[in-house]
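Enquirer: Chains A and B, in that order, are what the protein sequence lines are.
For the first sequence, counting from 1, position 38 maps to 39 in the working numbering; every step adds exactly one.
For the second sequence, counting from 1, position 223 maps to 297 in the working numbering; every step adds exactly one.
Keep in mind that the hints were calculated from the coordinates and are not lab data.
Do not take every clue at face value.
Here are the computed lysine-lysine pairs in the DSSO-like style, where the Cα-Cα straight-line distance is at most 30 Å [what the hints assert, rightly or not]:
1. 356/B to 286/B
2. 281/B to 318/B
3. 208/A to 139/A
4. 18/A to 175/B
5. 209/A to 281/B
6. 74/A to 179/B
Now the in silico label distances, taken between C-beta atoms and shown as ranges [unchecked claim]:
7. 141/A to 341/B: 37 to 43 Å
8. 128/B to 181/A: 29 to 35 Å
9. 140/A to 279/B: 41 to 47 Å
10. 178/A to 131/B: 47 to 53 Å
11. 109/A to 200/B: 42 to 48 Å
Cβ atoms here follow ideal geometry from the backbone N, Cα and C, with glycine treated the same way.
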Amino acid sequence: MLGFIKKDLAMVKSNFKLLGILVVVYTLMGLFGEMDISFILPFMSVMLMISTFSYDNYNKWESYSATLPNGRKNSVRAKYIATIIMTFIFAIITLLLSFLISYINTKTIPYEQTLISMLGNIFGTLLVLTFMYPIIYKFGLEKARIGIFLIIFGLVIIGGFLSSYLDLSFIGKTLNFLGKYIVLIIIIITILMVYLSYKISIKIYSKKEF
Amino acid sequence: MENILEIKNLTKKYPNFTLQNISFTLPKGMIMGFIGENGAGKTTTIKAILNIINSYSGEIKIFNLSHREHAKLLQEDIGVVLDDAFFPEILTPNDINNSMKGIFKNWDTKMFYNYLQEFSLLPNKQIKTFSKGMRKKLEIATALSHHPKLLILDEPTSGLDPVARAEVIEIFQSFIENVDCSILLSSHITADLEHVADYITFINEGKIILSKTTNELLNEYGIVKCTEKEFQNIAPEDYIKYKKNKYEYEILVSDKKAFKAKYNIKVIDKITLDDLMVLMIKGEE
Chain A
2 MLGFIKKDLA MVKSNFKLLG ILVVVYTLMG LFGEMDISFI LPFMSVMLMI
52 STFSYDNYNK WESYSATLPN GRKNSVRAKY IATIIMTFIF AIITLLLSFL
102 ISYINTKTIP YEQTLISMLG NIFGTLLVLT FMYPIIYKFG LEKARIGIFL
152 IIFGLVIIGG FLSSYLDLSF IGKTLNFLGK YIVLIIIIIT ILMVYLSYKI
202 SIKIYSKKEF
Chain B
75 MENILEIKNL TKKYPNFTLQ NISFTLPKGM IMGFIGENGA GKTTTIKAIL
125 NIINSYSGEI KIFNLSHREH AKLLQEDIGV VLDDAFFPEI LTPNDINNSM
175 KGIFKNWDTK MFYNYLQEFS LLPNKQIKTF SKGMRKKLEI ATALSHHPKL
225 LILDEPTSGL DPVARAEVIE IFQSFIENVD CSILLSSHIT ADLEHVADYI
275 TFINEGKIIL SKTTNELLNE YGIVKCTEKE FQNIAPEDYI KYKKNKYEYE
325 ILVSDKKAFK AKYNIKVIDK ITLDDLMVLM IKGEE
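Using the sequences and the hints given, assemble the complete structure.
Expert: Dropping the structure here:
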């Protein structure tokens with residue numbers, strides 16, 4: 002399976018320049034701006050991973066990979082692992098840059114706040130993976146893009162409707178009640194979601210014909 | 075003779091096309107040419123052998139093992155060139171080598187770079203900068219570099235110039251010098267197959283219409299050219315197909331000697347695989 006991960010990371014490698022530019026932009030905005038864009042690097046790394054589906058599809062890699070030893074399972078597994086690796090690498094880079102920016106700006110580093118922010122970024126990014134990958138494996142990247150747009154649009158509409166007509170203060174109360182366990186719960190939920198998503202993708206891909 | 079590949083009653087249904095009861099065997103140490111017009115079912119058959127498609131009926135055995143139950147084990151020993159599918163083109167041969175090292179247990183880096191050198195392919199150039207012929211050579215180098223026992227090649231010589239084709243054919247011939255290895259090779263360039271293939275299997279409209287040794291086919295089959303009057307005297311059971319041209323009839327016969335003896339015809343043209351394909355597909359019964 003290592004070979005499949007190497008292939009995916011090699012594909013992203015050609016876009017490292019873009020991520021390099023984002024690192025510079027993020028640092029400059031952190032030093033001179035007010036807006037928190039700490040999500041941008043992990044999120045972009047996942048977007049780059051998603052773009053690899055498009056190259057795979059263009060060169061019919063799916064057909065070819067199915068002929069390699071355990072190719073179907075390993076290519077799905079590699080996509081998930083490579084995405085998680087990318088998310089963590091760029092979340093850690095963001096974390097280190099945030100420490101540096103805080104130190105330069107105020108000479109104090111808000112460790113806890115920055116760590117929670119990083120955790121939130123990882124959760125958010127992996128949430129994209131969780132929803133996108135099974136849809137991509139089922140319908141292809143182009144249809145998945147439209148699908149994910151419709152899902153987000155639908156969620157915004159439903160969220161707006163619920164917040165207008167229902168009392169959602171219980172969510173805040175529940176989060177306060179969970180208190181110090183919230184971080185652990187988020188980690189567990191993320192792991193479960195990614196695992197479930199992976200299992201669904203494997204099931205879809207192993208039956209697919211190219 | 076031990077078979078490396080056995081296909082029995084392979085059937086796959088699509089809305090507009092059906093692969094019907096495909097059966098043939100490929101013995102060890104042999105090259106089989108798999109021919110047929112576009113859309114005849116060559117690629118579908120190859121995809122079924124390689125597990126790229128999976129909802130079909132019939133039995134496929136490779137090295138005497140069911141290819142579904144032992145897929146992972148068998149895939150280690152099969153080298154593949156597909157008509158139009160490979161690694162993404164933003165990768166380089168170096169990236170392919172790094173990936174394949176982690177995919178095949180028997181991946182041979184030295185052999186891969188030797189092929190790259192032989193084919194004049196630069197290891198650090200992205201595939202997208204390669205011509206169609208260079209891409210094909212890279213696919214062939216990749217297929218050969220994990221010491222497979224069976225090569226399954228779908229149009230491996232398309233896009234290659236005659237010199238490169240001869241070079242590649244020579245590599246295939248040296249590959250089967252190891253008597254444990256075989257090649258299933260589908261190609262439109264039938265002249266290549268006449269030189270290299272031990273067996274020819276011909277598929278048309280999803281059915282196998284012929285599977286014989288190349289020698290048998292080229293030595294025993296023939297084309298009789300005659301006038302309409304001569305054609306009227308030939309019994310239908312003595313020919314396979316015929317084609318009416320502007321000034322003459324072309325008749326495909328399966329036993330030149332017997333036909334000569336029966337009809338006292340002195341000249342029967344040797345057949346080429348191209349002639350065979352055209353007459354079998356376009357000819358009348």
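Enquirer: None of the hints should be skipped; say for each whether it holds.
Expert: Consistency of the hints with the structure:
1. 356/B to 286/B: Roughly 21 Å between the alpha carbons, so the hint for residue 356/B and residue 286/B holds.
2. 281/B to 318/B: holds (25 Å)
3. 208/A to 139/A: holds (10 Å)
4. 18/A to 175/B: Distance ~27 Å between residue 18/A and residue 175/B Cα, so the pair holds.
5. 209/A to 281/B: holds (25 Å)
6. 74/A to 179/B: Holds: residue 74/A and residue 179/B sit about 17 Å apart, inside 30 Å.
7. 141/A to 341/B: 37 to 43 Å: violated (58 Å)
8. 128/B to 181/A: 29 to 35 Å: violated (49 Å)
9. 140/A to 279/B: 41 to 47 Å: violated (32 Å)
10. 178/A to 131/B: 47 to 53 Å: Given a distance of about 58 Å, which is not inside 47 to 53 Å, the answer is violated.
11. 109/A to 200/B: 42 to 48 Å: 47 Å Cβ-Cβ, so the 42 to 48 Å window holds.
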